[in-house]
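> These are the residues of each chain, in order.
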Amino acid sequence: MKKGNRVAMLGAITLALTAAPAIAETHNIAAGADAQEKLQEAMILAEPGDEIVLAEGTYALTDGLSLDVDNVTVRGAGADKTILDFANQQGSGEGLLVTSDNVVLRDFTVRDSKGDGIKSKGADNIVYYRLTVEWSGGPKETNGAYGIYPVESENVLVDATTVTGASDAGIYVGQSRNIIVRNNHVTYNVAGIEIENSFNADVYGNLTENNTGGILVFDLPNLPQQGGHDVRIFGNTLRDNNTPNFAPEGNIVASVPAGSGVMIMANRDVEVFGNVFEDHGTANVIIVGYQQPFEDDNYQPLANRIRVGNNSHGKAGYKPGFPEGALLAAAMGGSLPPIIWDGTGEGVVSKDSAPALSLNLSKPDQSLTEAQPAMADFGDANADMTVPAVVMPEAMEAIVKR
Amino acid sequence: MIRAFLAVSALLLVGAFAPAALAPVQDAAITEKGFPKKLSDYGFFAVLPEQVPADGVQPYVLNAALFSDKAEKRRFMYVPAGQEVSFASRDGLLQLPVGSALIKTFGYENEAGVFEPIETRLLLHRANGWLALPYIWDEDGQDATLKVTGGRLEIEAPVGPDGARQMFTYSVPNKNQCKGCHALGGEVTPIGPKLRNLNNGASDSSNQIIAWREAGILPNRFPDHPIMPRFDTKDAPIGERARAYLDINCAHCHNRQGPASNSGLYLTYQESNDTALGLYKRPVAAGRGSGNREFAIHPGQPEASIMLYRMDSTDPGIAMPELGRSLIDDQGVALVREWIASLEGQSDDKKDSL
Chain A
1 MKKGNRVAML
11 GAITLALTAA
21 PAIAETHNIA
31 AGADAQEKLQ
41 EAMILAEPGD
51 EIVLAEGTYA
61 LTDGLSLDVD
71 NVTVRGAGAD
81 KTILDFANQQ
91 GSGEGLLVTS
101 DNVVLRDFTV
111 RDSKGDGIKS
121 KGADNIVYYR
131 LTVEWSGGPK
141 ETNGAYGIYP
151 VESENVLVDA
161 TTVTGASDAG
171 IYVGQSRNII
181 VRNNHVTYNV
191 AGIEIENSFN
201 ADVYGNLTEN
211 NTGGILVFDL
221 PNLPQQGGHD
231 VRIFGNTLRD
241 NNTPNFAPEG
251 NIVASVPAGS
261 GVMIMANRDV
271 EVFGNVFEDH
281 GTANVIIVGY
291 QQPFEDDNYQ
301 PLANRIRVGN
311 NSHGKAGYKP
321 GFPEGALLAA
331 AMGGSLPPII
341 WDGTGEGVVS
351 KDSAPALSLN
361 LSKPDQSLTE
371 AQPAMADFGD
381 ANADMTVPAV
391 VMPEAMEAIV
401 KR
Chain B
1 MIRAFLAVSA
11 LLLVGAFAPA
21 ALAPVQDAAI
31 TEKGFPKKLS
41 DYGFFAVLPE
51 QVPADGVQPY
61 VLNAALFSDK
71 AEKRRFMYVP
81 AGQEVSFASR
91 DGLLQLPVGS
101 ALIKTFGYEN
111 EAGVFEPIET
121 RLLLHRANGW
131 LALPYIWDED
141 GQDATLKVTG
151 GRLEIEAPVG
161 PDGARQMFTY
171 SVPNKNQCKG
181 CHALGGEVTP
191 IGPKLRNLNN
201 GASDSSNQII
211 AWREAGILPN
221 RFPDHPIMPR
231 FDTKDAPIGE
241 RARAYLDINC
251 AHCHNRQGPA
261 SNSGLYLTYQ
271 ESNDTALGLY
281 KRPVAAGRGS
291 GNREFAIHPG
301 QPEASIMLYR
311 MDSTDPGIAM
321 PELGRSLIDD
331 QGVALVREWI
341 ASLEGQSDDK
351 KDSL
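If you read the sequences in order, they're chains A and B.
The first sequence begins at 1 in UniProt numbering and counts up by one.
The second sequence begins at 1 in UniProt numbering and counts up by one.
Possibly wrong hints are sitting among the right ones.
[As the list claims (entries may be wrong)] Straight-line distance between alpha carbons at most 30 Å, and here's what the computed DSS-like set of lysine-lysine pairs gives:
1. B:K37 - A:K38
2. A:K319 - A:K140
3. B:K104 - A:K38
4. B:K234 - B:K70
5. B:K33 - A:K38
6. A:K315 - A:K140
7. A:K38 - B:K38
8. A:K401 - A:K81
9. A:K363 - A:K351
If you're looking for bench data, these hints aren't it; they were derived computationally from the structure.
Based on the provided sequences and hints, a complete structural model is requested.
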């Protein structure tokens with residue numbers, strides 16, 4: 001070995017590159033010392049139509065992986081059998097990054113990534129199916145932010161995944177459109193599921209338990225896509241989302257009170273129906289405007305046309321997790337009603353049998369000390385559910401039916 | 001005997017006098033399908049180990065350069081004969097014709113004070129767009145070999161305080177990670193050779209723009225672009241130097257068409273919106289990268305600014321940029337700290353919230 005800068009080379013391999021065949025190929029990868037290179041190599045050299053098959057085993061990975069080839073499937077032997085372990089990750093902001101279209105990720109686990117678990121950006125028609133993303137040390141501020149993180153994409157299907165320990169949101173769909181998040185189990189995240197600055201999302205059949213907040217529908221200013229709208233949250237079970245908020249301060253979810261079921265902020269045309277709520281210290285449903293100062297003429301900070309109906313409400317409001325909450329609860333006879341609305345925005349209506357509290361604020365950022373809490377009276381307001389169902393391209397649905 | 005003598009003379013000539021004519025750039029290696037295995041396959045260099053460029057390969061320097069773990073970088077541009085370069089109107093990025101290549105060799109001085117290359121990254125302009133390929137230098141230092149998966153190298157280099165040699169892990173990006181910085185609107189694109197970053201302001205041929213124009217590489221049009229100041233001098237106000245630093249180190253991702261477009265944080269030199277630039281901007285998806293701080297830039301309060309927290313870390317879940325850096329750029333951190341401290345802050349406005 002020559003003297004000089006170079007002391008040792010860690011794991012880079014020389015490739016003999018040949019022209020890829022025109023037919024779809026299967027790249028079989030096994031766990032082992034060279035798994036990092038073999039897997040990353042497959043993700044670089046794959047041709048559209050190829051499948052990357054990960055054999056059963058635990059893959060000790062030292063760097064983030066990235067896929068930038070369209071129409072590729074990455075398939076493990078099962079989320080409990082194929083484990084991508086990023087405990088010794090040295091670089092990249094996520095375990096796996098996808099930046100190409102028509103990608104299917106299925107049947108494997110991403111564990112202990114340093115940043116986000118799996119991120120897909122500008123990746124249309126993406127399917128996340130039967131995956132697990134987890135931080136194994138339980139809920140900690142030092143865990144990665146998002147477990148499953150599609151952003152700036154059209155047609156996003158997240159189905160039958162399990163996400164645990166995210167210090168922001170377990171499943172976070174941002175600045176996207178046409179989204180289905182269903183049949184997932186999200187637990188011990190700050191937010192179980194978050195739909196942010198997104199259009200047309202159906203969130204159903206999920207079990208969200210032991211998060212700080214169960215399901216969030218947010219819209220934030222100063223972003224390329226804003227004006228979130230047309231979101232349906234239905235048929236979910238949300239229970240005991242009372243884990244103390246462990247998000248780093250500054251992050252918007254750090255303001256989510258522990259004990260929140262569904263929280264809607266600054267969106268329009270959001271429907272919450274047919275869900276089962278059990279045991280939330282703050283409230284089962286929270287509807288508010290955006291409370292921070294902002295400079296953005298194009299931003300609409302109110303929650304408008306939010307319709308709530310036909311939900312089942314277990315106990316709620318016994319331990320409000322926000323400033324002034326205890327005082328407010330005392331004034332209401334010891335606990336808060338299961339539904340809380342800040343009183344701003346138009347067309348907010350609940351037809352649930354459970355009572356709703358309005359804080360009767362005049363604007364979202366008004367101090368709670370000026371609130372005039374009273375039971376909300378929605379009167380004869382129309383609570384018909386009119387947001388259309390989200391439909392995925394048939395080819396994407398066919399993947400999860402196989 | 002005489003024949004042998006002549007052959008030796010010819011070899012000496014190759015090294016000493018006439019490398020270009022005998023080592024032409026292999027245009028087909030740039031433009032044809034496939035990935036040449038060796039750096040030498042391209043013929044960019046007359047003397048490869050010493051990085052002596054072949055005819056038509058132009059070395060260049062940037063006013064403001066990306067921090068790459070204190071590596072010394074040697075940059076070269078190749079434009080095929082008879083082809084013309086034009087300018088991107090918006091920010092003066094050189095538009096190089098198909099068949100062009102950008103060549104950047106990263107390395108460090110060895111103990112003898114001699115530059116020793118570690119890797120050479122190529123950007124090849126093919127008919128279907130730019131292709132980024134990383135080549136890692138062979139152990140004998142004579143050539144470099146394609147490694148699409150990149151790699152980590154345990155090296156000893158002068159990266160410590162005051163240039164002290166120390167061991168660290170140098171990361172060669174894989175082919176996809178090249179795109180992590182070079183993607184603009186989803187397409188791979190060069191970053192560095194922008195007019196404002198190439199123009200040193202001189203009115204003679206010590207200005208490489210003028211030299212290239214005289215050499216017929218650039219057209220005679222000379223668009224009027226602001227000159228990006230050098231941030232390693234004190235020749236420009238702190239704000240301009242900090243903005244130049246952010247432009248070259250961050251704005252390839254943090255712009256409206258870049259990989260960080262969803263962040264709403266845009267750090268190009270020409271950005272004029274204070275919120276987009278980070279002032280009082282709350283994080284969107286920073287995760288633990290926010291470091292319990294409220295704003296990307298808290299004017300007047302560097303220690304309360306997320307930007308500085310992320311620049312000052314090597315933890316992959318926190319560090320920015322996400323790629324291409326294993327060390328902290330102490331000088332860059334100091335520069336941005338000084339700039340943020342110089343910004344005038346508003347009074348705090350705390351509010352109760354749900």
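> What are the numbers of the hints that this structure violates, sorted from low to high?
none
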